[in-house]
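Student: Listed here are the chains, written in short residue letters.
2 protein chains.
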Amino acid sequence: MNTFQVALGNRSYPIYIGCGLLDQAELYTRHIKAKQVLVVTDEKIAPLYLDRVLAQLKGYKTTQVILPDGEQHKSLDVLNQIFDDLLANKFGRSATLIALGGGVIGDISGFAAACYQRGIPFIQIPTTLLAQVDSSVGGKTGVNHPLGKNMIGAFYQPQCVIADTNVLDTLEDRQLSAGLAEIIKYGLIRDAEFFSWLEANIDALLARDKQALAFAIERSCVNKAEVVAEDETESGIRATLNLGHTFGHAIETGMGYGEYLHGEAVAIGTCQAADLSRRKGWLKDSDVERIVALFKRAKLPVYPPNALSPEQFLELMSVDKKNVDGEVRLILLKAIGLATLPVGVDESLLHTTLAFYRS
Amino acid sequence: MNTFQVALGNRSYPIYIGCGLLDQAELYTRHIKAKQVLVVTDEKIAPLYLDRVLAQLKGYKTTQVILPDGEQHKSLDVLNQIFDDLLANKFGRSATLIALGGGVIGDISGFAAACYQRGIPFIQIPTTLLAQVDSSVGGKTGVNHPLGKNMIGAFYQPQCVIADTNVLDTLEDRQLSAGLAEIIKYGLIRDAEFFSWLEANIDALLARDKQALAFAIERSCVNKAEVVAEDETESGIRATLNLGHTFGHAIETGMGYGEYLHGEAVAIGTCQAADLSRRKGWLKDSDVERIVALFKRAKLPVYPPNALSPEQFLELMSVDKKNVDGEVRLILLKAIGLATLPVGVDESLLHTTLAFYRS
Numbered sequence: 001m002n003t004f005q006v007a008l009g010n011r012s013y014p015i016y017i018g019c020g021l022l023d024q025a026e027l028y029t030r031h032i033k034a035k036q037v038l039v040v041t042d043e044k045i046a047p048l049y050l051d052r053v054l055a056q057l058k059g060y061k062t063t064q065v066i067l068p069d070g071e072q073h074k075s076l077d078v079l080n081q082i083f084d085d086l087l088a089n090k091f092g093r094s095a096t097l098i099a100l101g102g103g104v105i106g107d108i109s110g111f112a113a114a115c116y117q118r119g120i121p122f123i124q125i126p127t128t129l130l131a132q133v134d135s136s137v138g139g140k141t142g143v144n145h146p147l148g149k150n151m152i153g154a155f156y157q158p159q160c161v162i163a164d165t166n167v168l169d170t171l172e173d174r175q176l177s178a179g180l181a182e183i184i185k186y187g188l189i190r191d192a193e194f195f196s197w198l199e200a201n202i203d204a205l206l207a208r209d210k211q212a213l214a215f216a217i218e219r220s221c222v223n224k225a226e227v228v229a230e231d232e233t234e235s236g237i238r239a240t241l242n243l244g245h246t247f248g249h250a251i252e253t254g255m256g257y258g259e260y261l262h263g264e265a266v267a268i269g270t271c272q273a274a275d276l277s278r279r280k281g282w283l284k285d286s287d288v289e290r291i292v293a294l295f296k297r298a299k300l301p302v303y304p305p306n307a308l309s310p311e312q313f314l315e316l317m318s319v320d321k322k323n324v325d326g327e328v329r330l331i332l333l334k335a336i337g338l339a340t341l342p343v344g345v346d347e348s349l350l351h352t353t354l355a356f357y358r359s
Numbered sequence: 001m002n003t004f005q006v007a008l009g010n011r012s013y014p015i016y017i018g019c020g021l022l023d024q025a026e027l028y029t030r031h032i033k034a035k036q037v038l039v040v041t042d043e044k045i046a047p048l049y050l051d052r053v054l055a056q057l058k059g060y061k062t063t064q065v066i067l068p069d070g071e072q073h074k075s076l077d078v079l080n081q082i083f084d085d086l087l088a089n090k091f092g093r094s095a096t097l098i099a100l101g102g103g104v105i106g107d108i109s110g111f112a113a114a115c116y117q118r119g120i121p122f123i124q125i126p127t128t129l130l131a132q133v134d135s136s137v138g139g140k141t142g143v144n145h146p147l148g149k150n151m152i153g154a155f156y157q158p159q160c161v162i163a164d165t166n167v168l169d170t171l172e173d174r175q176l177s178a179g180l181a182e183i184i185k186y187g188l189i190r191d192a193e194f195f196s197w198l199e200a201n202i203d204a205l206l207a208r209d210k211q212a213l214a215f216a217i218e219r220s221c222v223n224k225a226e227v228v229a230e231d232e233t234e235s236g237i238r239a240t241l242n243l244g245h246t247f248g249h250a251i252e253t254g255m256g257y258g259e260y261l262h263g264e265a266v267a268i269g270t271c272q273a274a275d276l277s278r279r280k281g282w283l284k285d286s287d288v289e290r291i292v293a294l295f296k297r298a299k300l301p302v303y304p305p306n307a308l309s310p311e312q313f314l315e316l317m318s319v320d321k322k323n324v325d326g327e328v329r330l331i332l333l334k335a336i337g338l339a340t341l342p343v344g345v346d347e348s349l350l351h352t353t354l355a356f357y358r359s
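Protein chains in written order, with our numbering: chain B, 1 to 359; chain R, 1 to 359.
Any given hint might turn out to be false.
Copies of the same chain look alike in the list, so a pair counts if it works inside one copy or between any two.
[Stated by the list, open to error] The calculated EDC-like cross-link candidates involving lysine to aspartate or glutamate, where the alpha carbons are at most 16 Å apart (straight line), are:
id, residue 1, residue 2
1, K284, E218
2, K58, E315
3, K35, D287
4, K90, E327
5, K35, E327
None of these hints come from the bench; they were simulated from the model.
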C-alpha cells in the first residue's frame with residue numbers, strides 16, 4: 001500500500017492506494033469518530049462491493065442508500081434522498097458518510113456530507129479509474145443543474161481516500177478508457193515526462209496490466225495532490241485541472257447528462273482545446289497530432305457530437321465557472337506539459353475551432 | 001454609523017449599524033467586485049425596499065428574485081429557484097448576491113451563495129430585528145427539511161452586514177417581539193448586565209425608542225461577534241447561542257414551519273430550558289420567574305403549544321445538531337448570564353419539564 005498526503009493544514013488527509021484495501025477494516029475505523037455510518041453507493045456497485053464494505057463496519061450503526069447509476073442522477077432531488085435517509089435514521093453531526101462508487105457517487109455524497117447539519121465527516125472509496133485518479137481527490141463536491149454541470153456544490157475535503165486497485169477488475173472497458181482521459185490530462189497540463197510514459201504504455205493500461213495501472217494512478221494522484229495543496233479553492237493554478245472541461249461540460253449538458261461519460265467528454269474537449277492552442281500559435285501541428293493520437297489509442301472519442309452546433313457550444317460554454325462577467329475563459333496549452341491559467345478567447349477564433357474541429 | 005468587525009482571519013467582515021444605511025451606495029460598492037449582482041428578497045420586503053437598494057447599484061448588471069414570505073419557504077425547492085435565476089442570467093463566480101430581508105431570506109440566500117459554483121460573495125441586508133441581531137451575523141446559512149429545521153446548510157460568511165435601523169419602522173409588532181427573544185438570549189447566556197438593562201428598558205424597546213433599539217442591537221451584535229470569532233464552526237462555545245433552540249426547533253418543525261415565528265419558538269424553548277435548569281438545581285425559582293416575566297413583558301409566548309405532546313417533543317428533539325449518536329444534548333443555564341456547553345439530559349427529567357411546563 002502507498003500513502004500520499006493531501007497537504008491542506010487542518011484539512012489534510014491521506015490517499016491510500018493498493019490491492020485489497022477494501023477489506024482492511026482498520027483503514028476505515030481510524031477515520032470514523034462516532035457510531036453512526038451511512039454508506040452511499042449505486043445500483044451497479046452495491047451488488048459487487050457493498051457487503052464487503054459493511055463487513056468492515058461491525059460494531060457501527062450502519063445504514064445505506066443505493067442510488068440509480070449515472071450522471072443524470074447527480075441532481076438536487078437525488079441529493080435530497082440522502083438527507084431523507086440521514087434524518088430518518090436520526091444521524092448526528094459526528095456521523096460518518098462513506099461514498100462507495102464512481103465520480104457521481106463521490107460528488108453527490110461529498111456534497112451531502114458538506115451540507116448535512118452544515119458538515120459531517122466523509123470517506124471516499126472510489127470504484128472507477130476516473131474517481132481514483134481525479135474526482136475523489138481534492139474536495140470538489142456537487143450536483144448538476146439542468147443549465148450547467150457541477151454548478152451547485154462545495155469545496156469539502158474527505159477524511160481519507162481509499163483507492164483499492166482490485167476493484168478496477170470489474171470495470172467496463174468504456175469506464176476504463178474514461179479514466180485514462182483524466183490521466184492523460186495530468187501529462188498535458190504539468191508532466192511531459194508522464195505524457196511520454198503514457199504514449200509508451202497505453203496498451204499495457206488498456207490490457208489492465210496491474211503494475212502499469214498502479215504507476216499511472218499514483219502519478220496522477222501525486223500531480224493532483226500537489227495542485228490542490230497549492231490552491232484549494234481554485235483562485236489560480238487549480239483551474240488548469242479543467243483543461244478540456246469547458247468544452248466537455250458543454251457536451252455533457254448539451255447532449256443530456258449520462259449520454260457521454262465525463263472522461264469521454266473531457267477527451268473530446270481536450271482535443272478541441274489543443275486545436276485552439278494551435279490556432280493561438282502555441283502548440284505545433286505535431287503536438288496536436290500526438291495528443292489526438294493518444295486519446296484515440298485509449299479508445300476515447302476525439303470529435304464533438306455533430307448534434308451540437310458551434311452556436312450551441314458557445315451558449316452552453318457561457319455559464320462556465322471560470323467565466324468572468326459572462327466572458328468565456330479557457331485553459332489552453334503552451335506545450336505538452338504546460339497549461340495556461342484561464343485565458344479570455346476571441347469569440348471568432350473559438351468559433352473557428354468549434355466549426356473546424358469536427359468529425 | 002457604528003462598525004464592528006467579526007474577526008475570522010481572511011473571512012473577517014464588518015457589521016455596519018445605523019440610520020439610513022440602505023441609501024449609502026458606497027457601503028455596497030466597496031464590497032462588490034464584479035458587475036453582476038443578484039438581489040434576493042421576499043414579497044413583503046420588495047415593495048418597501050427593493051427599489052431603494054437597486055438605486056444604489058447603478059452601473060451594475062442587476063437582477064432580482066422575489067421569494068414568497070415565511071419559514072415554510074426556506075426549502076431546497078425554493079433554493080433551486082435562486083440557482084435557476086443565477087444560471088439563466090449566466091452569473092459567474094465573481095458575481096455578488098445580496099440578501100435583502102429577514103432571517104429566512106438571509107439563511108436561504110447565504111446558502112445559495114455558498115453553493116453556487118462552490119461559493120460566490122454575498123452581502124446581508126437584514127430587515128427584521130431578529131435578523132439584525134442574530135441570523136445575519138456569523139455565517140450560519142441553510143434551509144429546512146421536513147424532518148428538521150436548518151438541517152441542510154453551510155458555514156459561509158458574508159462580505160459585510162448592513163443593518164439599517166430605520167427599516168424597523170415598518171416591522172410588525174409580532175416581528176419586533178420575535179427579535180427581542182434573541183436579544184434576551186444574549187443576556188441569559190453571557191451578559192447578565194445586559195439582561196438587567198433589558199428588564200429596565202423592555203417597554204422602551206417595545207415603544208421602538210430609537211436609542212434603546214440601537215443600544216440593544218449593538219450590544220447583541222458585539223456579543224454574537226465575540227462568540228463567533230472564538231468558535232466559527234461550533235465545536236464549542238458557539239453552541240451556547242442555541243439556548244432554547246432545541247425546544248424551539250421542535251415547535252417550529254412540529255407545528256409546521258411558519259406557524260410560530262422563530263423568535264416566538266425560541267422564547268418558549270428558553271423558558272423550557274430555564275425550567276429544566278431549575279430541576280437540575282442550577283437556577284433558583286426566582287431566576288426562572290425573572291426570565292419568564294421578561295419574555296411575557298416582551299409580548300412573547302412562554303408556554304409550548306398544547307398540540308405538541310411531550311412524546312412528540314422528544315421525537316422531534318432527537319434530530320438536533322448538538323446530539324451525539326442519538327443522545328439529546330441541550331444548552332442550559334447555570335445562572336442568568338451563564339450558559340452551559342451542550343449537556344446530556346436524563347430523559348425522565350426532560351420528560352418532567354415537557355409534561356410540567358405547559359400552559
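Student: Given a CA cutoff of 16 Å, do K284 and E218 count as a within-copy pair, a between-copy pair, both, or neither?
Tutor: Answer is neither: 30 Å inside a copy and 64 Å across each miss the 16 Å cutoff.
Student: Reference check for the pair K90 and E327, CA-CA at most 16 Å: within, between, both, or neither?
Tutor: between (45 Å within a copy, 10 Å between copies)
Student: How do K35 and E327 come out at 16 Å by Cα distance, when the copy is not named: within, between, both, or neither?
Tutor: between (48 Å within a copy, 12 Å between copies)
Student: Regarding K58 and E315, is the shortest C-alpha distance of 16 Å or less found within a copy, between copies, in both, or in neither?
Tutor: Neither. Shortest intra-copy (51 Å) and inter-copy (27 Å) distances fail the 16 Å Cα cut-off.
Student: If the cutoff is 16 Å on CA atoms, where do K35 and D287 land: within, between, both or neither? Let me know, please.
Tutor: This pair counts as neither: shortest intra-copy Cα distance 54 Å, inter-copy 38 Å.
The structure fails hints 1, 2 and 3 (numbered hints given earlier, in ascending order).
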